[in-house]
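Using the sequences and the hints, build the whole thing.
Protein chains: 2
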Amino acid sequence: MDSEDESPFGYDAYRRTCASHTVLEMLASKWVYLVVCALRKGRLRNGELARKLEGITPKMLTQTLRVLERDGLVRREIFPVIPPRVEYELTELGQNLAGLLNQIRSWSEQHAPDIKEARARATGENEGDWAA
Amino acid sequence: MDSEDESPFGYDAYRRTCASHTVLEMLASKWVYLVVCALRKGRLRNGELARKLEGITPKMLTQTLRVLERDGLVRREIFPVIPPRVEYELTELGQNLAGLLNQIRSWSEQHAPDIKEARARATGENEGDWAA
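Chains F and S are the protein sequences, given in the same order.
Residue numbers for the first sequence follow full-length UniProt numbering, beginning at 1 and rising by one.
Residue numbers for the second sequence follow full-length UniProt numbering, beginning at 1 and rising by one.
Simulated from the structure, these hints should not be mistaken for laboratory data.
So, partial list: chain F residues that the calculated Cβ filter (under 8 angstroms) puts toward chain S:
| no. | residue |
| --- | --- |
| 1 | E25 |
| 2 | A112 |
| 3 | R119 |
Beta carbons are placed, not taken as given, at the ideal position from N, Cα and C, and that holds for glycine.
Structural data, given as structure tokens:
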């Protein structure tokens with residue numbers, strides 16, 4: 001470990017047993033990215049999130065929201081109406097993360113053409129060795 | 001989709017069929033994060049990467065490097081010595097991404113205490129419903 005890589009916080013994400021490694025693991029999910037990005041401009045209901053995140057199953061959405069709640073990034077509010085209304089919003093910590101994850105989302109959109117091109121090149125060179 | 005969320009590049013990571021969504025999918029891996037972060041200060045050999053990334057299996061390291069190569073983020077160089085020496089380095093596109101991913105790694109280290117605390121709280125409140 002070179003000194004430049006040492007965390008000023010005493011945590012080291014390269015170490016599998018470090019708590020920060022498990023944070024990185026939690027963040028390594030496209031649904032975590034997208035739920036956090038979708039919530040960054042304000043609270044949403046379950047159905048609104050489901051519509052925004054094309055292709056997410058109800059089970060996966062619930063699971064993602066539970067993980068984000070457990071980790072203190074999302075807060076759930078239940079309104080005692082009939083039928084009950086449930087809304088989700090980012091906590092302060094979640095807001096803090098949202099800016100970063102949104103940059104990753106932006107990067108993905110901005111560089112999708114470069115990566116498509118690289119994939120096409122790799123497929124050509126490897127005669128179908130790589131799945132696109 | 002509200003206008004603020006519209007990508008200026010015509011790509012939309014919220015759409016499952018969009019190329020940028022598959023980029024987000026590729027990035028949603030702790031090993032992709034860590035390999036890209038580890039390479040950001042210069043080229044490394046396979047064994048150097050394996051030592052830096054605690055807990056990565058040889059198979060997972062190879063698989064991660066192949067994906068990054070396929071997507072144009074990492075370049076592999078083979079030196080014709082005996083035994084052959086193989087080195088990996090970030091391409092320009094990979095360097096461009098590395099800054100962002102390193103911020104995520106830093107965030108994980110900086111906020112690991114907050115997230116540990118939230119997890120402990122959730123475990124307490126839910127009487128063991130959540131795995132820490």
